[in-house]
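Start from the sequences and build out the full structure, keeping to the hints where you can.
Read in our numbering, the sequence shown has 62 at position 17, and its numbers run on one by one without any break.
Derived by calculation from the structure, the hints in this document are not laboratory data.
Every value quoted in this text rests on a predicted model; they were computed, and no experiment measured them.
In this text, a Cβ means the ideal position worked out from N, Cα and C, and glycines have one as well.
Treat the hints with care, since some could be wrong.
[As the list claims (entries may be wrong)] Here are the simulated distance ranges between beta carbons: (1) P204 x F274: 28 to 38 Å; (2) V218 x D262: 29 to 39 Å; (3) R270 x R100: 26 to 36 Å; (4) Q76 x V189: 48 to 58 Å; (5) A222 x G78: 51 to 61 Å; (6) G177 x G228: 56 to 66 Å; (7) F93 x S131: 20 to 30 Å; (8) A205 x H184: 20 to 30 Å; (9) K147 x A223: 52 to 62 Å; (10) R270 x E250: 27 to 37 Å; (11) H260 x V189: 12 to 22 Å.
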Amino acid sequence: MAVSYERAIWEGASLEEANNALRGKAECYKQLGRYAEASATLGRVRMFALLPEERQEVLYQQELCHFLAGDFAQSATFVGEVEPASKDILLLHALALAYAGKFDESEIFAARFISWDGESPHLQALLDLYAGHPVPRDHTTALVLSFLPPAGHIYNGRPAEGLLSAGLNAVSVAFTAASLLSGYWVTGIVGGSIALNYTLMGSIERNAALVEAQHRDSVLEFGDRVREFLAQTLKPL
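See below:
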């Protein structure tokens, strides 16, 4: 079906027919679970030729497909363009923003979602959930501690890896000192510099990567918690 839609476009379909074909092709990809291709196809739709309600539907589908593809940051960019005109849209906005790490904005849409049919008994629990949203570790602290192996790794919750890093740095320092004390100045200076460049600088880069990775993982875990919470609110009391 996707091929036939694309053929219709290339065979000189009118603007309206081309848009309908692109939307049909995107739906095929979506049904197949090929969400990235579905969102890319929707991106080819000529929005200026659509009615306002059709434009909103295409934008909503783009946001949804990006979300299902795991591209949460891109999905969140559509929040300002898609009017929150239904409970489904509010849910998508809340989840897209939560998984993108935009917790304050997500909380607003989540509160509107659970209050769609009136005052919700889950509101305080929702506020408590968002009050515990992830906070990234301080990059400056991680950088400073990286110069003192294994302190940086311990700060990032990797003590075993930190001990290994400290051991490698100790070996590099010992090699440099032994070479200098033995009179091998060139070997000590050049070899020691190279060794420390790999061990110490590698430790610094690793700690910076750990800060980013841990925050990314914690954001995804929080997004899962929000999704599970909102799903629970749909169950009858």
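A quick look at each hint next to the structure:
1. P204 x F274: 28 to 38 Å: Hint holds: Cβ distance 32 Å, inside 28 to 38 Å.
2. V218 x D262: 29 to 39 Å: holds (33 Å)
3. R270 x R100: 26 to 36 Å: holds (33 Å)
4. Q76 x V189: 48 to 58 Å: holds (52 Å)
5. A222 x G78: 51 to 61 Å: The hinted range 51 to 61 Å holds for A222 and G78, with Cβ atoms some 59 Å apart.
6. G177 x G228: 56 to 66 Å: Roughly 60 Å apart at Cβ, these two residues keep to the hinted range, so it holds.
7. F93 x S131: 20 to 30 Å: holds (24 Å)
8. A205 x H184: 20 to 30 Å: Check passed, 23 Å falls within 20 to 30 Å.
9. K147 x A223: 52 to 62 Å: holds (53 Å)
10. R270 x E250: 27 to 37 Å: holds (31 Å)
11. H260 x V189: 12 to 22 Å: holds (18 Å)
In summary, the structure agrees with every hint in the numbered list given earlier.
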